[in-house]
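A.B. asks: Sequence:
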Amino acid sequence: MKGFAIDMDGTVYHGERPIPGAVEFIRSLREKGIPFRFLTNNSSHGRDFYVERLNRMGFDVTRNEILSSTVATARYIVKNYPGKSVYPVGVPDFEKEIQEYGIIIDRSDPDIVLLAFDTSIDYGKINDAYHFLKDGKLFIATHPDDLCPTERGYDIDIGPFIRMFEQMTSSKAIIIGKPNRLMLEMAALEMGIESDDVIMVGDRIYTDIRMASDNGTMSIMVLTGEATEDDIELSGIRPTFVCNSVAEIMSLGIEFQQ
5 MKGFAIDMDG TVYHGERPIP GAVEFIRSLR EKGIPFRFLT NNSSHGRDFY
55 VERLNRMGFD VTRNEILSST VATARYIVKN YPGKSVYPVG VPDFEKEIQE
105 YGIIIDRSDP DIVLLAFDTS IDYGKINDAY HFLKDGKLFI ATHPDDLCPT
155 ERGYDIDIGP FIRMFEQMTS SKAIIIGKPN RLMLEMAALE MGIESDDVIM
205 VGDRIYTDIR MASDNGTMSI MVLTGEATED DIELSGIRPT FVCNSVAEIM
255 SLGIEFQQ
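All letters in the sequence shown, in the order written, are residues 5 to 262 by the working numbering.
Hints in this document: simulated from the structure, not taken from any laboratory. Some clues are possibly wrong.
Claimed, not checked - Label pairs and their calculated CB-CB ranges: (1) Gly-62 <-> Ile-178: 35 to 41 Å; (2) Lys-176 <-> Ile-130: 14 to 20 Å; (3) Tyr-105 <-> Ser-255: 25 to 31 Å; (4) Arg-79 <-> Asp-200: 18 to 24 Å.
A virtual CB, placed ideally from N, CA and C, is assigned to each residue, including glycine.
Please model the complete structure; the sequences and the hints are all you need to start from.
C.D. replies: Pasting the structure below:
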């Protein structure tokens, strides 16, 4: 193997608290020259937010080492729908980040309804998006998660809104984030390696581990977040390894190639 794709919340930290051994794990990757990218489906924050959060905990990361579903979605739109405008259902940081890629925001007659994890969502946004989709506009969503982990447990994420819009408008969303293998392929491209040389590390079966499974690459399930060993058995999706936490990964005996 040649590199790591690493989930964040539930994998290397909980809220503002690093998981024991996680900082040391990232430090060991740097010392060994093993490339990595942090992957997150959460599109309610920009990469600068994650850089600040991770660095407060001692991870010492840069903006380029974080790949969010926002970034992946913006790249997808620029590549596949160049010049098309979007109606964003997202927070201001989300809008700012997609505009960095030259995406045009149009609130009156967009080509695409772009749904993110919008903690500022209101009836006006919901209704506008509904009418645009009923008019046949393309529907793209940053990720499929039903719940978002927080310090108080879990909050409602984007998934229920995707299903609501699909049911009400007969639209079918193009979903970019994990488990879409596009996230893994982008991370690999950034690291300069092939996607099947990447090990995915995460705490969620149906996003992190499924993405690796669908891509035919190795995965490491950590038990510090959402899923339990019983959940693995029930899911039918098998990670390559199961660890109590990322602190155990470097003792697994995985061989890395520079």
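A.B. asks: Determine for every hint whether it applies to the structure shown.
C.D. replies: Here is how each hint holds up against the structure:
Between Gly-62 and Ile-178, the C-beta spacing of about 37 Å keeps the proposed range 35 to 41 Å intact. For the hinted restraint 14 to 20 Å between Lys-176 and Ile-130, the CB-CB distance of approximately 18 Å keeps it satisfied. Our hint of 25 to 31 Å for Tyr-105 and Ser-255 is violated, since their Cβ atoms are close to 40 Å apart. The hint said 18 to 24 Å for the Cβ distance between Arg-79 and Asp-200, and at roughly 20 Å that hint holds.
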